[in-house]
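Peer 1: Letter by letter, the chains look like this.
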Amino acid sequence: MIRTLSMLQLYLALIAGGCGLLGLAASLPTLGAAPLMQIFFAVSTLSLLRLVLPWPFWLDGVLAALGAWALIASLPAEGLMPLHHWLALIASWAFAWLFVERLAAAIRAGKLPETGTGLVIPLIFGLALIVIWEVVTRGASVSPVLLPAPSAIATRFAASTGILWADFVQTFIKSVIPGYIIGCIAGLLVAIAVDRSPFLKAGIMPIGNFMSALPIIGIAPIMVMWFGFDWQSKAAVVVAMTFFPMLVNTVAGLNAASAIERDLMSTYAASYRQTLMKLRLPAAGPFIFNALKINSTLALIGAIVAEFFGTPVVGMGFRISTGVGRLAIDLVWAEIAVAAIAGSAFYGVIALIERGVTFWHPSVRGGRA
Amino acid sequence: MNRILPVLTILLAIVVIWYAASVWMNAPWQTRLNERADLANVPFTEFVAQTWAQDKPVLPSPHQVAGEIWNATIALEPTSKRSLAYHGWITLSATLLGFAFGTSLGVLLAVAIIHNDASDRSLMPWIIASQTVPIVAVAPMLVVGLNAVGLTGLVPKALISMYLSFFPVVVGMVKGLRSPEGIQLDLLRTYDATPWQAFWKLRWPAAMPFLFASMKVGIAISLVGAIVAELSNTAGGGLGVRLLTGSVNGQTVQIWAALFIAAGLAAVLVAVVGRAEHMVNRRTGVRA
Amino acid sequence: MDGKTTAVVEARNLGLTFPAGDGDIVALSDVNLTIDKGEFVSFIGPSGCGKTTFLRAIADLEKPTSGTLTVNGQTPENARKDRAYGYVFQAAALYPWRTIEDNVALPLEIMGYGSADRAERVRRTLALVNLSGFEKKYPWQLSGGMQQRASIARALSFDADLLLMDEPFGALDEIVRDHLNSELLKLWARTEKTICFVTHSIPEAVYLSTKIVVMSPRPGRVTDVIVSTLPRERPLDIRETPEFLEIAARVRDGLRAGHSYEEVV
Amino acid sequence: MDGKTTAVVEARNLGLTFPAGDGDIVALSDVNLTIDKGEFVSFIGPSGCGKTTFLRAIADLEKPTSGTLTVNGQTPENARKDRAYGYVFQAAALYPWRTIEDNVALPLEIMGYGSADRAERVRRTLALVNLSGFEKKYPWQLSGGMQQRASIARALSFDADLLLMDEPFGALDEIVRDHLNSELLKLWARTEKTICFVTHSIPEAVYLSTKIVVMSPRPGRVTDVIVSTLPRERPLDIRETPEFLEIAARVRDGLRAGHSYEEVV
Amino acid sequence: QDALTLQLKWVTQAQFAGYLVAESKGFYDEENLDITILPGGPNVAPEQVIAGGGADIIVAWMAAAMSAREAGVPLVNIAQPFKRSGLMMICPTESEVTEVADFPGKTLGVWFFGNEYPFFAWMNKEGIPTDGSEGGVTVLQQSFDIQPMIQGQADCISVMTYNEYGQALDAGYGPDNLTIFNYTEMGNDLLEDGLYVMEDTLSDPAKVDAYTRFVRASMKGWQYALDNPDEAAQIVVDMDDTGAAELAHQRYMVEEVSKLVDPSDPALDEATYDRTVKALMDQAIIKAEPEGAFTTAVTDALN
Ligand SMILES: Nc1ncnc2c1ncn2[C@@H]1O[C@H](COP(=O)(O)OP(=O)(O)OP(=O)(O)O)[C@@H](O)[C@H]1O
Ligand SMILES: Nc1ncnc2c1ncn2[C@@H]1O[C@H](COP(=O)(O)OP(=O)(O)OP(=O)(O)O)[C@@H](O)[C@H]1O
Ligand SMILES: Cc1ncc(C[n+]2csc(CCO)c2C)c(N)n1
Ligand SMILES: [Mg+2]
Ligand SMILES: [Mg+2]
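Chains as they are written, first to last, in this note's numbering: chain A, 1 to 369; chain B, 370 to 657; chain C, 658 to 922; chain D, 923 to 1187; chain E, 1188 to 1490.
What the hints contain is simulated information worked out from the structure, not anything from laboratory work.
For every residue, glycine included, the Cβ atom is placed at its ideal position computed from N, Cα and C.
Among these hints, one or two may not hold up.
[Claimed, not checked] Examples of chain B residues toward chain A, derived with CB under 7 Å:
| no. | residue |
| --- | --- |
| 1 | 509 |
| 2 | 519 |
| 3 | 521 |
[Claimed, not checked] Below, computed lysine to any residue pairings styled on SDA-like, alpha-carbon distance capped at 20 Å:
| no. | chain 1 | residue 1 | chain 2 | residue 2 |
| --- | --- | --- | --- | --- |
| 4 | C | 868 | C | 845 |
| 5 | D | 959 | D | 1021 |
| 6 | A | 278 | C | 768 |
| 7 | B | 570 | D | 1021 |
| 8 | E | 1407 | E | 1445 |
| 9 | A | 278 | C | 772 |
| 10 | B | 544 | A | 359 |
| 11 | B | 544 | A | 160 |
| 12 | A | 278 | A | 160 |
| 13 | C | 738 | A | 266 |
| 14 | C | 843 | C | 772 |
| 15 | B | 570 | D | 1020 |
| 16 | C | 868 | C | 844 |
| 17 | B | 544 | A | 281 |
| 18 | C | 868 | C | 888 |
| 19 | C | 794 | A | 252 |
| 20 | C | 694 | C | 886 |
| 21 | B | 570 | D | 1032 |
| 22 | C | 868 | C | 886 |
| 23 | A | 201 | A | 281 |
| 24 | A | 111 | D | 987 |
| 25 | C | 738 | C | 784 |
| 26 | B | 570 | D | 1057 |
| 27 | A | 278 | C | 844 |
| 28 | E | 1474 | A | 111 |
| 29 | C | 694 | C | 888 |
| 30 | A | 278 | C | 794 |
| 31 | E | 1407 | E | 1390 |
| 32 | D | 1059 | B | 379 |
| 33 | C | 738 | A | 276 |
| 34 | E | 1312 | E | 1445 |
| 35 | D | 1003 | D | 1020 |
| 36 | B | 425 | E | 1279 |
| 37 | A | 201 | B | 574 |
| 38 | A | 278 | C | 792 |
All chains should be built: construct the whole structure from the sequences, respecting the hints.
Peer 2: Structure representation (structure tokens):
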């Protein structure tokens, strides 16, 4: 069965099985203290049999899950976890990786369908990271004011949904969305305006490039000073942060139509408007979406930073900054989780729309975006 | 010449609007000050001059900012702690170190992604998610956490720079390393080239334009990272610290001066990368 | 075809030079040519001799740098604004975000045709190039040859009297090419259009044209203008007649003369 | 050429199917063909009939889905690892960041030739394709035809006994094509290489080959294998002999037979 | 020499003059100490820094320290140089606030990041809701300057006597056009700027000895600063790495801080401590009465 494994997979299998064997030996003196862990070590050791017997890949997945479960179940209430539990961590991580490797290979070989299984791999990866985080923070007794365990964050998350929702509404719905829309539309319109006049373009583009490289977050205190404490100042920061990427990308996109495609328009004696609407804007689509995607992550960050410089007493940035001050670090991480989820979802939605709108572009037509 | 003229025109327009805006935005407070000082009927020209010369204006006038930049750079010893050149250098060193880390990490991840199916499928969504984490929120905790394991000074800042700058590099390099067309790869297959040869003779050179484009974004964002890190790591100075202390002391002129220096630094850094690109292009015969 | 013809294209001492970093590139020099209404003129010559450039100058996509050029007795610019010609580019240049039928409808939209008229014309021209049934496909779902045919349909859809075609059949295999050649001849016979046609193939040029313009490499000059003696009615097997072969030989000689082998291609 | 020949390529009931979203595409089906050492085999057929696919299967760039295929008596994979062949792609596929000489040297670098040997081989093959003097130029500084010639030089540089050429002269004008055709014949006569050659041009196929394989459109099948009766020594004007025209007619008939016009191209 | 790191709770300024002067004048060296002084800022939580091992001693407000103690960072007060609070709330006359009864319906600027407890304790005591409900006040997270007042974004803002109040004076405000609520005068002051260490270090006599020497030298620094305000201000400016401190402002700050500090007696006043703890418990900022949250071991050893 070895022959079906790649070099990398073979190493992973050896690490997993080897750590199982070592762990089994190391845990013999405390036999029975953590039965689940013992079972995990035993089965891991057994997995070395794959060198001579078939060993289906889902078994590796099961073992990774068993290891994670055993580890979390036997985490000490306080103090450091015993040394051989670290071996279990390495083993179950190796099983997870091996599982993912073999899953990916099976998908590539067409043995498993792409849809459905495609999502499983990133999920497993994320879960593995969270398990490692949980085990390391708790197993090594990392102070919760430095880095709380995911379980503590989740508990806090569940207990504070009210606060989190209010903050989300204040920051995302009231500041990010309007700022994003205004900034992107303004960037698009200015780009179109600028594109008409070579003089304006020559004048504004270097400045636009310059501004888009600027640490715009530096203007957050200024915006708070100008636009007050409530969402308006946050939206203003978001506008400023999203405007220039959109401007620069759209101008580049409007030039993306090839010479021959433009020549075609000129053989029809098409007007400026017709050329814009029928050729140049559609051709600029991929560039505009690129800016929309970049901006979707920038916008949230901008709003949160701006809230560090003054807010009503609600908002994700407010909660994060006071949370650090009050050492409510688990709440801070819950807010960070909200931000990451909202940001990823926002990005994902834009990416989905992109797939629909620029369906014709080679990058969308072929393979993963 | 005909490239500079439009830029100058636009800059001039910006400066004019800026002057007008600073009269408009500083006027209410100036009126209040004048009332309080029992100055009635201040002539308009004098009033305008007053709004351009406030100590802590809402919007400082261009010459105030220029003056502050001058005073804080040319007019001072570069080693003085009041010198923006000194603070700029501190930020720059963190930026460069972070940029080096970020570019290396980005390239490594991209290599892993294109060579390994499992990495390809599992990493990308999380790399995108990583950029939706508000680094400004994590930075203070990261600084303390790194402090706990004995890392202080330059390194924490550089790590935050890295966190921001690796992203454009991964995205660009994944694209770039995948940019060779099927036929170019097939060619190497007919020679039975090793993956290593395919990487160095085809993928890497083909990715160069993408690498440079990413690095231009990356170095600018590295600077943002260094500044953000300095907001949470006030020991040792830096442009971010100047921004922060300007903000806590309400010294708007100082904020604007620090911002402009940061912007200038970003422009210079991007230009340097562009220059490097130009040199590499010349060596590899890329068409001008 | 003879009798009281009018000049559709008239070039006098035409020159066109591209400025370039290291010395200018003379793409056309001292070209004199008259194309009358209803003629089918082929341009043949080695790669880079200026065939495309000449067509583009007629279409007002390049500005001549010397001499005069008139189209329908007007400046090329005015002719273009009158929508005097349909242009088939060397590459298909279909817009990837439009279906085939929408691509063919593009000039009609721009020129403001009504939607019923549009649909009818699209149907008709797609049928002409044998693409019925592919209306709803996107360009990238078609083979190169089909794309090229769609771009021909697009140029035909609005019935311009002058057709400028730049190697329209370059991407096609011999059989399909033969087929489209005879279709094009039929269309031309039926509609009395004037056609300027660029090709690399000597048999194709001879088979199609009433006049063959042989060009020589840079600086692009017209070295020979051969008026065909073949009848207007041309079955495919005309290509084996001695008359045909003789004209072909003359074209080949003209071509070879301009070919100082080493420096071209 | 006859006498004790050995099979270089041997296909038995070869089939190759591409999986696709909406129904699989059968690119090759039931292909039987033997190519002996020293033969010059042309493949001709309408666009999309599987010519490229067959060449790619020989080169181990595609995996057959049924039947057997051997190259030099080995699996295609082992033959590839033995560097048994040189491949000229339909497009030049030069690397833009390498000069012409470095492009030609690429396979030599990969196969580990010493640097003196490399320089000598590059010089020799560039001279063969008439590109001496362009060693230090980058691909974009050359015309399409010159690029194609550079890619031929690259395939010749390491002296494989089997040459797989996919429409190598497609981008060239007739005169240059004639020239390269006779050069290729000379090379073949001198070196006794086995050559598989894809083309769209019937005269070219007849002029060059000892064997012409006519293929029909999807599902790609071999419809005719015509063994040439022309002598090995072929001056350019052999193309006007009756024998030549007869073979050409036979190829044309074979081609037309496979052409159910509507669905191809 | 014993090496100790002191984490300040704010940027380098005369609020910390005693420590800066002691360092600059070599008082720490005299006590055989090697002190590193780390500036703070609005994103630096000293309680977190000390929990992470980045500092040995921190300057903190008691409310924040006690709350951190409950969050699992066992901080212990070892000395309390600041006897009074410098915190005030000021309202310009335009806002028409003259007494606490005027607050309902107004917008008040408050500093968060661990500095909000005194305000909430005060409102709690007055029975004014802060959650946006009827008859309550609207609270803003205030930036660390007086812009919200100048811009009219808040009716009242928080100031420190020694810092922002000075900015207000510079800007033309004064007792004649301001209503001032002084936390100390109202009896609502919660202890500010104490020195805190981690509880476990106190079981090490060598450490306690080092802390004692540290406090002694620091108090000497405070004394010196109060006696030589001009020189102290100059020292602060010189020691500011960011180059942002301005001499005139620091001079003002030394003057004002001296009204809050008692350089001769760093010991914690238990009555104020009790009041602070009660206020925190009333407001449920901490749930249980802290045990061992201060020690007199260090201040006792001084004499
Ligand atoms: N935009 C341009 N700028 C500079 N030189 C150009 C430009 N367009 C064409 N040329 C040059 O002008 C000459 C004529 O080009 P043209 O495209 O007309 O040739 P052609 O006869 O159509 O060749 P082919 O058969 O390869 O299409 C060439 O040498 C070419 O390099
Ligand atoms: N990678 C692929 N995936 C799916 N279908 C393919 C792929 N490669 C080729 N085909 C299909 O296989 C068939 C044969 O293609 P092939 O490229 O071999 O044709 P060809 O004879 O070389 O045509 P041409 O003369 O146009 O080069 C075509 O229908 C093509 O669409
Ligand atoms: C994070 C933080 N925020 C506010 C204060 C309160 N405070 C005390 S002194 C001072 C400075 C202005 O001088 C301020 C604002 C603090 N200490 N730390
Ligand atoms: Mg051309
Ligand atoms: Mg092919």
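Peer 1: Would you mind marking each hint as holding or not holding in the structure?
Peer 2: Each hint, compared with the structure:
1. Because the smallest distance between the Cβ of residue 509/B and any Cβ of chain A comes to about 6 Å, under 7 Å, the interface hint for this residue holds.
2. Look at residue 519/B: its Cβ only gets to about 14 Å from chain A, farther than 7 Å, so that hint breaks.
3. A cut of 7 Å between beta carbons decides the hint on residue 521/B: the least distance to chain A is about 15 Å, and the hint is violated.
4. As the CA atoms of residue 868/C and residue 845/C are separated by approximately 14 Å, the hinted pair is consistent with the 20 Å bound.
5. With a C-alpha separation of about 34 Å, the suggested pairing of residue 959/D with residue 1021/D is violated against the 20 Å cut-off.
6. Using a Cα cut-off of 20 Å, the hinted pair residue 278/A and residue 768/C holds, with the two alpha carbons roughly 13 Å apart.
7. Restraint check: the Cα-Cα separation between residue 570/B and residue 1021/D comes to about 13 Å, which is no more than 20 Å; the hinted pair holds.
8. With a CA separation close to 13 Å, the supplied pair residue 1407/E and residue 1445/E stays within the 20 Å bound.
9. Taken as a hint, the residue 278/A and residue 772/C pair is honoured in the structure, with Cα atoms around 17 Å apart against an allowance of 20 Å.
10. With a C-alpha separation of about 18 Å, the suggested pairing of residue 544/B with residue 359/A holds against the 20 Å cut-off.
11. Note on residue 544/B and residue 160/A: the hinted pairing is violated, with a Cα-Cα distance of about 41 Å set against a maximum of 20 Å.
12. Distance check on the hinted pair: residue 278/A and residue 160/A sit about 50 Å apart at the alpha-carbon level, beyond 20 Å; violated.
13. For the hint pairing residue 738/C with residue 266/A, the CA-to-CA distance comes to about 9 Å; that is within 20 Å, so the pair holds.
14. For the hint linking residue 843/C to residue 772/C, the alpha-carbon distance of about 28 Å lies beyond 20 Å, and the restraint is violated.
15. Only pairs whose Cα atoms come within 20 Å are accepted, and residue 570/B paired with residue 1020/D is accepted, the gap being roughly 10 Å.
16. A hinted pair counts as satisfied when its Cα atoms are at most 20 Å apart, and residue 868/C with residue 844/C qualifies at roughly 17 Å.
17. For the suggested pair residue 544/B and residue 281/A, the alpha carbons sit about 24 Å apart, so the restraint of at most 20 Å is broken.
18. Taking the CA atoms of residue 868/C and residue 888/C, the gap is about 12 Å. The hint holds against a cut of 20 Å.
19. Using a Cα cut-off of 20 Å, the hinted pair residue 794/C and residue 252/A is violated, with the two alpha carbons roughly 29 Å apart.
20. Our distance criterion of 20 Å between C-alpha atoms is met by residue 694/C and residue 886/C, whose separation comes to about 18 Å.
21. Of the pairs offered as hints, the one joining residue 570/B and residue 1032/D holds, with about 9 Å between alpha carbons and a cut-off of 20 Å not exceeded.
22. Restraint check for residue 868/C and residue 886/C: the C-alpha separation of about 9 Å stays at or below 20 Å, so the hint holds.
23. Simply put, residue 201/A and residue 281/A have alpha-carbon atoms about 17 Å apart, close enough for the 20 Å limit, and the pair holds.
24. Taking the CA atoms of residue 111/A and residue 987/D, the gap is near 16 Å; set against the 20 Å cutoff, the hint holds.
25. For the hint linking residue 738/C to residue 784/C, the alpha-carbon distance of about 28 Å lies beyond 20 Å, and the restraint is violated.
26. Pair hint residue 570/B plus residue 1057/D holds up; C-alpha atoms about 19 Å apart against a cutoff of 20 Å.
27. Of the supplied pair hints, the one linking residue 278/A and residue 844/C is violated, its CA atoms being roughly 30 Å apart against a limit of 20 Å.
28. Under the criterion of a C-alpha separation no larger than 20 Å, the hint pairing residue 1474/E with residue 111/A is inconsistent with the structure, at around 59 Å.
29. Proximity of residue 694/C to residue 888/C is assessed by CA-CA distance (about 17 Å); at most 20 Å being required, the pair is judged to hold.
30. Between residue 278/A and residue 794/C the alpha-carbon distance is near 18 Å, which keeps this suggested pair within the 20 Å criterion.
31. This hinted pair does not check out: residue 1407/E and residue 1390/E have alpha carbons roughly 26 Å apart, beyond 20 Å.
32. Distance hint between residue 1059/D and residue 379/B is unfulfilled; the C-alpha atoms sit about 42 Å from each other, more than 20 Å.
33. A C-alpha spacing of about 18 Å is found between residue 738/C and residue 276/A, which places the hinted pair at or below 20 Å, so the restraint holds.
34. Taken as a hint, the residue 1312/E and residue 1445/E pair is broken in the structure, with Cα atoms around 29 Å apart against an allowance of 20 Å.
35. Only pairs whose Cα atoms come within 20 Å are accepted, and residue 1003/D paired with residue 1020/D is rejected, the gap being roughly 25 Å.
36. A distance of roughly 19 Å separates the Cα atoms of residue 425/B and residue 1279/E; the hinted pair therefore holds under the 20 Å criterion.
37. The hinted pair formed by residue 201/A and residue 574/B fails the criterion: a straight-line CA distance of about 32 Å is larger than 20 Å.
38. Restraint check: the Cα-Cα separation between residue 278/A and residue 792/C comes to about 19 Å, which is no more than 20 Å; the hinted pair holds.
Hints 2, 3, 5, 11, 12, 14, 17, 19, 25, 27, 28, 31, 32, 34, 35, 37 from the earlier list are contradicted by this structure; the remaining hints agree with it.
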